[in-house]
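Q: Can you join these two chains into the complex? Each is in its own frame, and there are hints to help.
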Amino acid sequence: MTRGNRILLSCTYWAFVAYVFVPLVLMVLMGFKDSKFIGFPIRSYTLEWYMGIFENAEVISAFAYSVAIAVLSTLISVFVGTWIAVLLEGRKFWGRAAIFGLTVLPALIPGIISAIAFRIYARYLGIEPGMGAIVWSHAVHNVPFVVLVVMARLSTLPKSQIEAARDLGADPLIAFLRITLPYLIPAIMGASIFCLLLSFDDFVRSFFLGGYEPTLPVLIFAKLKSGMSPEINAIATAALVLTAVVGVWAERFTRRMNKES
Amino acid sequence: MTSDALVRIQNVSKQFGDTVALNDLTLDIARGEFVTFLGPSGCGKSTTLRILGGFEQPSSGRVILDGKDVTRLPPEKRQVNMVFQDYALFPHMTVKQNIAFGLELKGMSKTEIRRRQDEIMSFLELDAYGDRYPAQLSGGQRQRVALARALAPDPALLLLDEPLGALDAKLRGQVQQELKSIQRRTNKTFFFVTHDQEEALTMSDRIVVMNKGKVEQDGTPEELYFHPASRFVAEFIGETNLLTGELRGTEGGAVVMDWFGQTLRGHAPGGVPQAGTPITASVRLERLGFHIERPATANAVQGRVVGKTFLGSRMALDLLVEEAQGATLKAYVDADTGQSVGEAPVWIGWEESSMAVLRD
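Protein chains in written order, with our numbering: chain U, 1 to 261; chain C, 1001 to 1360.
Just chain C, with the same shape it has in the complex (with noise of 0.2 Å):
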């Protein structure tokens, strides 16, 4: 990959007694991207983590961080700083000194203590509670103040185990932007763990979806929304159709698979799959077109609406195709489409583009 790679991970493997967390993990992190692990419980998101934390030992593989071999050090020997699920600040310290912990463990002295201080606590918009102590503070501070003290010593790598988790949803929102602009702001590289796909969506410059210890697909938001590689990537990430049905073959650089009778052309980002064999295709809700006449697009199918729910800014349809074995889809779309489709069947389209040929 890149040269100029802060973190190469190569061939990561680790295991608990007899489960396998991680399984041949091989990846680089640029410097100044905003990279995140998305996926499941015991995906391997963590471990991957705490590995580059130095809270565990990886079984086999390598961890290079700014060229150095890091795999052995403990993690008070690595210029990387983490903000815990919890955020795990010291109850019997104020923010101020919790803050300079790290920093006069780097021992600095104590007016560069203060000048660092006082920056990342008006980075961070700190200034008014630096005499607080943690338990007098809310959950979004806390979590800002969780950063700061991590920020702080000015790490090379910045983890994030879950940070927003108890946050409530409202302040979630607002904290998801907070953290995307810092980390543009102070073009640090942020290694971000969460379940959260949405979240993953909102904040990442690059996602990558874990699964079972390996990796099942590396990319970024819109690759991995608009062209999963997988099955299981299509189905974590936002909503999806899914067609089943089988695979003729290619045409030009497109995958040509049989649904129910009808011919369907789509692309396929995790590789074509052998002719002949069952497949599963991703198309997103919203990618569908409603025509009246039948469509120019790649794939078109007569439908009839048998269902709509009403949801404020857009419109859920639910569509019965009958020359396609009554398989059904759904559908998003503006609310005035919505309301003027009525009974009479309609032609439905959707591009190549718009169609992944998942990997099972």
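Only chain U is shown next, with the shape it has when bound in the complex (with noise of 0.2 Å):
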């Protein structure tokens, strides 16, 4: 590689980052900025944005409205990815094809859609807009990641882990609890995280199926609405450290438990 060519490939990686960094640098430093306005020059600076997330009653709210989305959601696509999962790899029969199809699909369909389509079908089943349509919109969404996931893991299952299982005297349903389970759980972790994030994340399913009660995104885009000002700021910058936080912990956590086992 020639100088020329090696400084004008650093400069188009450094000219991304910027791309995509800048953005939130501006967030976060708008959020100290001690002023009603965003913008620049900031004078000076205060906490005080921050502070007040901890003293609004309504973020702190509509987060605990978000995380407990966030849990319900993601335990039910875990329970019934894991099981798809279970079902689908390394077997042979009829339709498989099919299931795995449909199984995956909800991943791919724009997210404007399927919350239309979510819209229209929960007032078709008489569901009332709410907690229950959000964490149901939110469960069929993400199961296709859990099912990917678990299937990975499970097809580098050695056969012979389960058949030793068999042969020292467990039936079927135990060496699955004993033996298949706990090696699945590095991936069970990994898709839960991914899970819990993308639930946290959506807005376009919350907003369309939600009641009165607003989740943390819907709530910063009502913010929006009526004007910009560092509050949003800090409470996005909150947001944004805790799931950059929770996502590499659980990037690191699952990769040393793979490595474990």
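These are computed hints drawn from the structure, not numbers from a lab. Just to be clear, a hint being listed does not mean it is correct.
[Said to hold, decoys possible] Reference excerpt, derived from the structure (chain U facing chain C, CB under 7 Å, subset only):
1. Gln161
2. Glu163
3. Asp167
4. Leu168
5. Gly169
6. Pro182
For every residue, glycine included, the Cβ atom is placed at its ideal position computed from N, Cα and C.
A: See the structure below:
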């Protein structure tokens, strides 16, 4: 590689990094501005906006609501997804491809389409907009990710492990609970964290299927409509830090677990 | 066969689609025997093992274990345990927990389990490793844990699926001795599967050589080595001289054959073929003797040494037998004899019992 090429390559790289991170840096920075208006110059800094989040009942309850939805929908997704993965992996039966296709489909449908479809269907079933409807839509949307991650892990489980368990006196259920399930734990953990973040982050489905109580992203959206303020930056930054920390921790955790077994 | 048969395999066949993995196998295994199924891959040895373990169902035939028909029983209902080729130790359990797995499922009490655990771990010298995970053990230790786990529930029959394949050559020899001694001390019936003829010869009481889903020969290691019944067995086990010729007939107990104009006498462990047919006979390399004068052995030909290979403890000689239309023989001799043999023609002699006329 010539010197010129190398310089060009590193310029492109740093330009890309700037493109991705400058908006985030600005968002974080503005959260510290001691003024009601967003924009340069920043004359003095304050922690007031951040402190304000913890005193704001509206924000706290939206956060709690989002977390509750994330946890519930994740539990459902993981249970259903693991079940489907175990059914599909390493087996051949008629209609397997069809079931697999239908399972993965929700992940491929654009959010707005699936949100509208859910809304219509919820209406049809007589389900009131609100927590139940949101949990349901998040769970359906997240199942494919669980299925794919768990299937990938399951495909690396040597067949002899299950045979050894059977050989030592375990019936198929005990073999599943004592050998297969522990082997799947890293994948299930990874998938869970991913589902939690997807759900916590979701706006479209929560917006279309929500009742009067807003989730955190919906609340931020509502606040944006009434005008920009450093308060929104502070809330968004807090959410960013939280998801980033959970995401990075989960990544390292699952990698370590995978290495151990 | 014996009335004390622990396992009776009766007319068992197994097809996978169009391939016949096992073709009408009938065989008894005696209590306390170390039986090895030996053969190349795809010969049906592993299928037999998996049928005994309950992992495959035979297409036809029956398997009797300890007087009970177990043909359709799943693995967990059989008093049979297996040492897997990859050991299949449970990675999330310690050595102790691995060993306890089968005992818990037998419904043993906690104190019983602990007693049996200690017993088997001291027997296999694993006491120091009880709290380690499989990933923290060496290959040889893992192999012993797999053995301990399979022996702990006190199975009637222990299946071993090429368990030495993953070990390096030096360790393998040591583990072979160990396995044999464990088998003797526990007096358990071992069903061992391998493609390694040397392994089979060193450990087994009895070897069953398999080929294409059928038994080629069934006998002690010595019988198989010195008295192979078929060409497949003669070639598969050890090195040998194959002499092709024509059958003349029988004389007393001996089989008489013509080898490029030389009349040779052998025996036929696999049955006497039809007179006048082309046949092959096998003579082991170390069974050829060297003499200055014509020896009194049943067979004697004159030959010349045309090549020598030094092998350390012994020497391999290539011999040219001019009177047999330039056919060649190979022989093993001790290094001193090898050195002393010169260019001059020598007499090569071997006994009738050293030459096996083969089924093809």
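Q: Each of the hints needs a verdict: does it hold here or not?
A: We went through each hint and held it up to the structure:
no.: 1; hint: Gln161; in the structure: 5 Å, holds
no.: 2; hint: Glu163; in the structure: 6 Å, holds
no.: 3; hint: Asp167; in the structure: 5 Å, holds
no.: 4; hint: Leu168; in the structure: 4 Å, holds
no.: 5; hint: Gly169; in the structure: 3 Å, holds
no.: 6; hint: Pro182; in the structure: 5 Å, holds
Violated hints are absent here; each numbered hint is respected by the structure.
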